[in-house]
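Using the sequences and the hints given, assemble the complete structure.
2 protein chains.
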Amino acid sequence: MTKNGAKSLMEAFRQAPYRLTGHGPRTVGVLKEALQDIDDGRDSDMYGKGEVIEAFQQKMAAVLGKEAAVFFPSGTMAQQIALRVWCDRKGVRKVAYHPLCHLEIHEEDGLKRLHHIEPVLLADSGRLIGLEDVTGLKEDIGCLLLELPQRELGGELPAYETLKAISAYCREKGIPLHLDGARLFEILPYYGKTAAEVSELFDSVYLSFYKGLGGVAGAILAGSRDFMAETVPWKRRYGGDLISLYPYILSADYYYEQRSSCMEQYYREARELAALFNECHPAVSTRPPVPVSNMFHVHLRAPKEKLEAMLAGLYEETGIGMTGWVAEKDGHVSSFEISVGDQYGRIPKEELREAFRKLGLRLSALQQAD
Amino acid sequence: MTKNGAKSLMEAFRQAPYRLTGHGPRTVGVLKEALQDIDDGRDSDMYGKGEVIEAFQQKMAAVLGKEAAVFFPSGTMAQQIALRVWCDRKGVRKVAYHPLCHLEIHEEDGLKRLHHIEPVLLADSGRLIGLEDVTGLKEDIGCLLLELPQRELGGELPAYETLKAISAYCREKGIPLHLDGARLFEILPYYGKTAAEVSELFDSVYLSFYKGLGGVAGAILAGSRDFMAETVPWKRRYGGDLISLYPYILSADYYYEQRSSCMEQYYREARELAALFNECHPAVSTRPPVPVSNMFHVHLRAPKEKLEAMLAGLYEETGIGMTGWVAEKDGHVSSFEISVGDQYGRIPKEELREAFRKLGLRLSALQQAD
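So the sequences go chain by chain: A and B. Its first residue numbered 1, the first sequence is counted upward by one per residue in my numbering. Its first residue numbered 1, the second sequence is counted upward by one per residue in my numbering.
Hints were generated in silico from the structure; no laboratory data involved. Do not rely on the hints blindly, as some may be mistaken.
Note that identical chains are pooled: a pair holds if it fits in a single copy or bridges any two copies.
As the list claims (entries may be wrong) - Lysine-lysine pairs mimicking DSSO-like chemistry, simulated, CA-CA at most 27 Å apart:
#, residue 1, residue 2
1, LYS112, LYS193
2, LYS164, LYS112
3, LYS49, LYS112
4, LYS49, LYS329
5, LYS164, LYS32
6, LYS138, LYS358
7, LYS32, LYS49
8, LYS59, LYS32
9, LYS49, LYS173
10, LYS173, LYS112
11, LYS306, LYS329
12, LYS138, LYS94
Next comes the structure, spelled out in structure tokens:
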């Protein structure tokens, strides 16, 4: 039942003419569009060399205000390698990060199994890392990783002053500071900073091209020239130094050019959309209540299976897909993630309001049926 | 001088209207051609799931006669993981392979640095692994890796009877046998076997899509269902479980369909071409003397720098590029690799013979100038 419910919700979401979240389906067309104006005769990169990869790495290094950048097939690979290099430099096999860090919950313990690096978990799964968590660190660590925004907390962000204070403390103490900036561009409008200004607080920065930028895959890791040079042999050790990464690089560049300037719009629209959720019914709330990027989580006091069935019907009735996937928080509360992209702005406002009115009615009906 | 020589040789090779080796330049057009008949609306794979990846994995498992197959971004990643899983199963952190194995010379010691697996080197850098090397093994090993053909030895192959004997011995002794089959399709005409027949001798098989098949990148690892299931979490740990691998999968499938049936032709042409080298001048010989796949190495008694300058001039005069890259064996002998692909068959035979006549003359002139 759950499985069928989940499947039909995804199908209903995909079939809806409008969607609240994302840039649209991840299809081969996304790659073909990125390639359409690329000359057939343009050379592939070759094992990390060549104009297509070197030019993009230089461009991204400049965007991030770092001396050097290396393109990786994935953020998982890039970040593990960054932490390994920092740990080797410090001679310490420990890193500090949040309990909901990507490395802790989504990577099958790659950092531990491949590098025998153990994490020191800061803060807790209900809140962000603060300055006091860092100054209270009792152990030697090779690196501190901060994720901005903290995806698993609905995309919450610390105050910029807190970031600056953590960065200053780490520099004073000689603790390398790494940014999991998978969604770095998405937070710039809230902070009112450039990517280079935020990156300046960090010693190494990772950036993803398939989150808010909507590329096919791939990641950039940036830092000092000597630090990045140490990551390159690790990229080969991992089998990430592919003969050709250009399918990801060209699409990353294309969608970076197309969408890095849209983040202000996505951020504004995310606040508008979160308000629609928060106002539609008392059983609905968002985290954060007012988004600080293009993303937020929606929490609903409704059991997952009933919610999925209700939402699938709602999409069919209104033509607006809200999410393709619902997570169970506990038996009574469900949640899903919204990442505002190109899709949201295409929805006629009248139909949007009507969909939220109907969501409220259906939630009331669901509660009365209980 | 060397660097300029090397650069101008590659340029001269690329500018030549005809080429002895390869399928043509690795350009974006290679990917665009593979995508041209793919529907824009076709769904991406998603972290190892979805029709595009699952169907191709099943197809390749069937081709290799194995229960299951997993697509990896690279052979480096696939093979390290295969060896790790075999070692974990046996509780032994040693594997046996040839001193010129890809893992030993091209992967920055990834196997050692990431898994603390140490190699036992069999045979020596001048010859293939034979049955007696295997039966003479004194140590417990987690896995034996054989590379067919042995690329760094010009693509030499053991007799099929030797392979069968090694396989039978390993099964008797409970030693898992892994095939580095980066160029598996390329050897089938010589053995007169199907891919499944060769793979049947091995417990796990790796296959590359950008060697003789000429795809963009990517690899298949195949084996029993339970073995392959153990490799999947490692693919995630490595950061190889990308959200989208379809650029590589679709091109792998396209060029597999286009070229897996051409291997007989490439093999026949490689023998013809090796004969032209062997007959053109006494200072030239090939390894093997008669190729056993589409590849061979050319050895020339001439110093690298002089040879490069001579070849660049030859390409310009004849319109036929022979290689873009020359290796120095020692001060007096140079070598390069030939992999016969689509390019060779396009050369008019008359011009081909003329180019070899001129190669012989230029080599004589080079020797007289010394």
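So, going through the hints one by one against the coordinates:
no., hint, verdict
1, LYS112 x LYS193, "neither (34 Å within a copy, 43 Å between copies)"
2, LYS164 x LYS112, "neither (29 Å within a copy, 40 Å between copies)"
3, LYS49 x LYS112, "between (30 Å within a copy, 25 Å between copies)"
4, LYS49 x LYS329, "between (46 Å within a copy, 24 Å between copies)"
5, LYS164 x LYS32, "neither (41 Å within a copy, 46 Å between copies)"
6, LYS138 x LYS358, "neither (52 Å within a copy, 74 Å between copies)"
7, LYS32 x LYS49, "both (24 Å within a copy, 21 Å between copies)"
8, LYS59 x LYS32, "both (23 Å within a copy, 25 Å between copies)"
9, LYS49 x LYS173, "neither (37 Å within a copy, 44 Å between copies)"
10, LYS173 x LYS112, "within (25 Å within a copy, 33 Å between copies)"
11, LYS306 x LYS329, "within (14 Å within a copy, 71 Å between copies)"
12, LYS138 x LYS94, "within (12 Å within a copy, 38 Å between copies)"
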